[in-house]
Amino acid sequence: MSLENFESFFALIDCNNFYVSCERLFNPSLLNKPVVVLSNNDGCIIARSNEAKALGVKMGAPYFQIRGYLERNGAVVISSNYEIYEDISKRFINIIRSKICFVEAYSIDEAFIELKGILKKKRFEFCKELKDEIYRLIGIPVSIGIGKTKTLAKVANKIAKKQKDLNGVFDITNNEEEILKNFEVKDIWGIGKSKSNYLKNIGIQNALELSMIDDSFAKKSLSIKGLTTVLELRGIKCINLQEERPKQKEIIVSRSFGLDVDNFKSLRESVSYFAIAAVNNMRSLDLYAKTLFVFITSNPFKENFCSYQKEVNFDFYTQDVFLILNAAEDCLNDIFKCNVNYKKAGVILKNLSTRQAALGNLFTSLEDENTYNLMRSIDLLNKKIKKDAVFFAVEGVDKIWQARKDHKIAKRASEIDII
DNA sequence: TCTGGGGTCCTAGGACCC
DNA sequence: TCTGGGGTCCTAGGACCC
Numbered sequence: 001m002s003l004e005n006f007e008s009f010f011a012l013i014d015c016n017n018f019y020v021s022c023e024r025l026f027n028p029s030l031l032n033k034p035v036v037v038l039s040n041n042d043g044c045i046i047a048r049s050n051e052a053k054a055l056g057v058k059m060g061a062p063y064f065q066i067r068g069y070l071e072r073n074g075a076v077v078i079s080s081n082y083e084i085y086e087d088i089s090k091r092f093i094n095i096i097r098s099k100i101c102f103v104e105a106y107s108i109d110e111a112f113i114e115l116k117g118i119l120k121k122k123r124f125e126f127c128k129e130l131k132d133e134i135y136r137l138i139g140i141p142v143s144i145g146i147g148k149t150k151t152l153a154k155v156a157n158k159i160a161k162k163q164k165d166l167n168g169v170f171d172i173t174n175n176e177e178e179i180l181k182n183f184e185v186k187d188i189w190g191i192g193k194s195k196s197n198y199l200k201n202i203g204i205q206n207a208l209e210l211s212m213i214d215d216s217f218a219k220k221s222l223s224i225k226g227l228t229t230v231l232e233l234r235g236i237k238c239i240n241l242q243e244e245r246p247k248q249k250e251i252i253v254s255r256s257f258g259l260d261v262d263n264f265k266s267l268r269e270s271v272s273y274f275a276i277a278a279v280n281n282m283r284s285l286d287l288y289a290k291t292l293f294v295f296i297t298s299n300p301f302k303e304n305f306c307s308y309q310k311e312v313n314f315d316f317y318t319q320d321v322f323l324i325l326n327a328a329e330d331c332l333n334d335i336f337k338c339n340v341n342y343k344k345a346g347v348i349l350k351n352l353s354t355r356q357a358a359l360g361n362l363f364t365s366l367e368d369e370n371t372y373n374l375m376r377s378i379d380l381l382n383k384k385i386k387k388d389a390v391f392f393a394v395e396g397v398d399k400i401w402q403a404r405k406d407h408k409i410a411k412r413a414s415e416i417d418i419i
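Everything in the first sequence is counted per our numbering, starting at 1 for the first residue and increasing by one.
There could be a bad hint or two in this list.
Unchecked claim - Subject to a maximum C-alpha distance of 30 Å in a straight line, what follows is the list of computed DSSO-like cross-link-like pairs (lysine-lysine):
| id | residue 1 | residue 2 |
| --- | --- | --- |
| 1 | K186 | K164 |
| 2 | K344 | K265 |
| 3 | K265 | K302 |
| 4 | K58 | K181 |
| 5 | K350 | K265 |
| 6 | K383 | K90 |
| 7 | K225 | K247 |
| 8 | K186 | K249 |
| 9 | K249 | K195 |
| 10 | K58 | K116 |
| 11 | K181 | K116 |
| 12 | K128 | K53 |
| 13 | K128 | K195 |
In case anyone wonders, no lab produced these hints; they're calculated from the structure.
Small disclaimer: the values here were computed from a predicted structure and weren't measured.
With the sequences and hints as input, model every part of the structure.
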């Protein structure tokens, strides 16, 4: 048997209209209807059912601009509920892991797998069975694209999604050239708006043309990433499967406000709330931060946009919520200006390190033991009673800055009982 | 009235040094 | 008259992803 039969291939498994599909699990009446899911603050469209796509609803469209159109067409509008989506995402990944070892959980609704040790003629069959199994166990429809490289698997996935007669699985290797010739440059993974505009201007319209450009020209005009894309389109493997998630480099918690905020008190409450959320996230990852970054901005879609920010470095790596809260407040004190309508604020924890690496620092004083014990107790209470049963007074109670979520269908992750 | 949030990586350009 | 040339490090901002 030739080696070619054992050549390693990639497949990309992508959940169809993931957030909409999740909502449909709880509410089957949403089936066969145009459904959209909104981003935080009910700002933009971030997921569309096929029926909504057929109405011409664009990804990322501001909701207020198309609200009337959606209403007239009987579309169902839902505020996003990430807790649920994350829970279902974990189940999705677990099913894949139970079928194959080489898995990269790429995003909340996508996974790459490497088809190693699977015979060429069995590849397609394996993916088809995987797709059926995912649907059988969690009720989420997926599409699977197969290719020699991750970039080609991405292309194949788009074809699998678009061409209904393929039943959701497509292997691009059978007619690669033809597919690439009809695949627009702007739809290629790694080619964004800026690069696709540039390529259009120099007369490169499709993926096949892009795959044939000169290497050094690609690097010079599209940067190293662009060259990688070009090579991958040619079937040269440059991007490996990342089975282990690389250590996170920063943690961001930021929100747009439901209303404009001009008073220091509300702003301080929001920044405190974000700082605590960021620290909680960091603690759950068992990381420590050396740098804190705080920012506040006005509405970027209005005139006189302004943005203020400040960064502070701690003397040591820390997880101490009190230290970080105080520092965040100090930052805000320094950057706050009166007579500005603030629309958004955020906190970033940077310079993250594991406990072990942090301890390697001569000047480390990781945390006060009392703080550590207190935080553990709060975690336990919130887990036992309910989320946010215990919270810090600085977060405020009324939270007038909080985002709108007018279309939320109330439910909790515990209601999910599919498997 | 109303336009998300959370990430990573790359590059250009300034500062500094020899 | 004539204004080097590298190297390194850092950072802000852009580009891209989902």
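Results for each hint:
Straight-line distance between C-alpha atoms of K186 and K164 comes to about 22 Å, which keeps the hinted pair within the 30 Å bound. At most 30 Å may separate the alpha-carbon atoms for a hinted pair to count; K344 and K265 meet this at roughly 14 Å. About 23 Å separates the Cα atoms of K265 and K302, which keeps this hinted pair within 30 Å; it holds. Taken as a hint, the K58 and K181 pair is honoured in the structure, with Cα atoms around 25 Å apart against an allowance of 30 Å.
Distance check on the hinted pair: K350 and K265 sit about 25 Å apart at the alpha-carbon level, within 30 Å; holds. A distance of roughly 19 Å separates the Cα atoms of K383 and K90; the hinted pair therefore holds under the 30 Å criterion. For the proposed pair K225 and K247, the alpha carbon gap of about 21 Å is at most 30 Å, so the pair holds. Of the pairs offered as hints, the one joining K186 and K249 holds, with about 29 Å between alpha carbons and a cut-off of 30 Å not exceeded.
Note on K249 and K195: the hinted pairing holds, with a Cα-Cα distance of about 26 Å set against a maximum of 30 Å. Taking the CA atoms of K58 and K116, the gap is near 37 Å; set against the 30 Å cutoff, the hint is violated. Note on K181 and K116: the hinted pairing holds, with a Cα-Cα distance of about 28 Å set against a maximum of 30 Å. Taken as a hint, the K128 and K53 pair is honoured in the structure, with Cα atoms around 25 Å apart against an allowance of 30 Å.
For the proposed pair K128 and K195, the alpha carbon gap of about 34 Å is over 30 Å, so the pair is violated.
In this structure, the earlier hints numbered 10 and 13 are contradicted, and the remaining ones agree with it.
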